[in-house]
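> So the chains spell out like this:
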Amino acid sequence: DAGVIQSPRHEVTEMGQEVTLRCKPISGHDYLFWYRQTMMRGLELLIYFNNNVPIDDSGMPEDRFSAKMPNASFSTLKIQPSEPRDSAVYFCASSLRGNTEAFFGQGTRLTVV
Amino acid sequence: AQSVTQLDSQVPVFEEAPVELRCNYSSSVSVYLFWYVQYPNQGLQLLLKYLSGSTLVESINGFEAEFNKSQTSFHLRKPSVHISDTAEYFCAVSDHYNQGGKLIFGQGTELSVKP
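Chains U and S supply the protein sequences, listed in that same order. Sequential numbering from 1 applies to the first sequence in the working numbering. Sequential numbering from 1001 applies to the second sequence in the working numbering.
For reference, chain S alone in the conformation it holds in the complex (with noise of 0.2 Å):
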């Protein structure tokens, strides 16, 4: 079974500071990862995904998040935050062999950032 495990429940920083979000999995078979955000009263969005290839994804508003198979993390970063950043974090994974969505969830990361 497939488990993801966010380290941190809340990460508070200050605005313009950098800023990780952990995320570790356990997979017995290959999978793929995503990051969702969910800002409050709305659904989740996806912000980026690893399925292949170049194990640094990104995303359009400047996060990143680098797969490390031997660590089994999935951590997500951004080196500047803004106030506009203050969501929820989820970290997802799913398996190679289910190509139609069906997402594990961590627990999330309430990211706030402040002035």
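Same shape as in the complex, but just chain U (with noise of 0.2 Å):
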């Protein structure tokens, strides 16, 4: 399997300017979690789907902010509009049920400016 793997690698965009990035999760994996990592914050946790199902969405920051999982190989983390406090790495992660480690994708360096 190629792992987690996420698309942009890096993103910038203009403040207001709507921004979507993609995941494709470990074929088989029921779990998926978005992360945002930031120097001041850290590794948030900012939703998980299990099964396709939005599970604890109590991470995303704000209503700008929305995830989705059409299917089980496939979810989408969208921001609209965009700020400049948004610039950070997303990360998307999937897991099994019943094995605790999470995989991670490479990460979506977004910046916006």
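Everything labelled a hint here was simulated from the structure, so no lab data went into it.
For the chain U half of the interface with chain S, some residues (derived, Cβ under 10 Å), not all of them:
{"no.": "1", "residue": "4"}
{"no.": "2", "residue": "44"}
{"no.": "3", "residue": "48"}
Using N, Cα and C, we set each Cβ at its ideal position, and we do this for glycine too.
Two chains, two frames, some hints: make the complex.
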């Protein structure tokens, strides 16, 4: 398996624009997580899904953030409108119930100018 | 609620010296504990984990960590570090009731190995 695949790897956008980050989890994994990493706040769990259903979105910072998982092999994290303080590295991770290891993608480095 | 505290944000050491990266956690339930490593511009990789059984766990590249329930700690150690160990290390916790791997991370410790 190729692991968790995220796209794009880098994204630079202007304030106010919509940004969509994409994630393909490892085939067969039934949990998917979105994390955000910043110098100030470290690694924060934004939202996670089980069998494509959002379980806990308490980490989503504002209504500008939304996440979807339309099927078992694809998830998106959308920011609309984006702001400079959203600049961070966003990681997607997946895991298999009963196996407590989460596998991380390479991350998307988002810069909002 | 669970939380993880990594007591050192940066740890500089010389090559071949021993190192300890400290991690304390708080939780009202039984937990699983993990150490992840992040190399520059990469995602996180699992280094080692404690689920149950022996409180001393080891990784394939010479790191070990010991679960101490009374002190709620899971410190990471290596007797002799290499330049290639330079990376950021994250301690994480998840509870026994969440088998899907929801992880709460510490702030990270930047290990810098100097020649």
